[in-house]
Amino acid sequence: MSDLDLLYVVTALVFHVALIVHFALRRWAFDSYILPWGWIMYALSIPAAAVGVILAVGGAHWSFWIGGVIYLVWAAFGYRVEYVAHIEWRNARRWPIFVPYIVLYLATVMFYWWPLALVSRPLWYVAAALFVVETVLNVTSHRGGAGKGVAV
1 MSDLDLLYVV TALVFHVALI VHFALRRWAF DSYILPWGWI MYALSIPAAA
51 VGVILAVGGA HWSFWIGGVI YLVWAAFGYR VEYVAHIEWR NARRWPIFVP
101 YIVLYLATVM FYWWPLALVS RPLWYVAAAL FVVETVLNVT SHRGGAGKGV
151 AV
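Position 143, counted from 1, in the sequence shown is what the working numbering calls 143; the numbers after and before it change by one each time, with no gaps.
Hints listed in this document are in silico derivations from the structure and should not be mistaken for laboratory results.
Glycine residues also receive a C-beta, built at the ideal position from the N, C-alpha and C atoms.
Warning: the hint list may mix true and false statements.
Label-pair distances were calculated between CB atoms; the ranges are [unchecked claim]: (1) R93 / V57: 36 to 42 Å; (2) Y83 / R121: 35 to 41 Å; (3) V21 / V57: 28 to 34 Å.
All chains, full assembly: derive it from the sequences and hints.
The following block contains the structure:
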């Protein structure tokens, strides 16, 4: 495994673990976590994008660096919608926000999972297991009401 591969693997696994922590905190401590601390998941896109740039400049295959770029785009969009404009879009289903948000989120998750198969099949399975856990926590951690459901 090259240094660039290792950098991608660590970034991908940290991303998935960060989502699990985020969704778990959102599920079990929603009111005390999401508004004061939920933005951190978006802020993590900055170092992820920097890793993406390092991977791209280092000559890594595009599938290894694109996740960081998409993550930054998703985070900027989500942060603006949720923390700057304070738009409730989940329960009111604002489709012009819902569709790009979900597509960008899923693209980010997939590019921090699928390319792992190019490096290590066992790590791909680890990321698959993490994806299942984060998805269950994500789905079960949403709450209704205005101002609720912030961040992912």
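Next on the checklist: If I claimed the Cβ atoms of R93 and V57 lie 36 to 42 Å apart, would that claim hold in this structure?
Outcome noted: Holds, at about 40 Å.
Checklist entry - Taking the CB of Y83 and the CB of R121, does the distance hold inside 35 to 41 Å? => result holds (39 Å)
Next on the checklist: Range first: 28 to 34 Å. Now tell me if the beta carbons of V21 and V57 are that far apart.
Outcome noted: Since the Cβ atoms of V21 and V57 sit about 30 Å apart, the hinted range of 28 to 34 Å holds.
Hint compliance for this structure: every hint is met.
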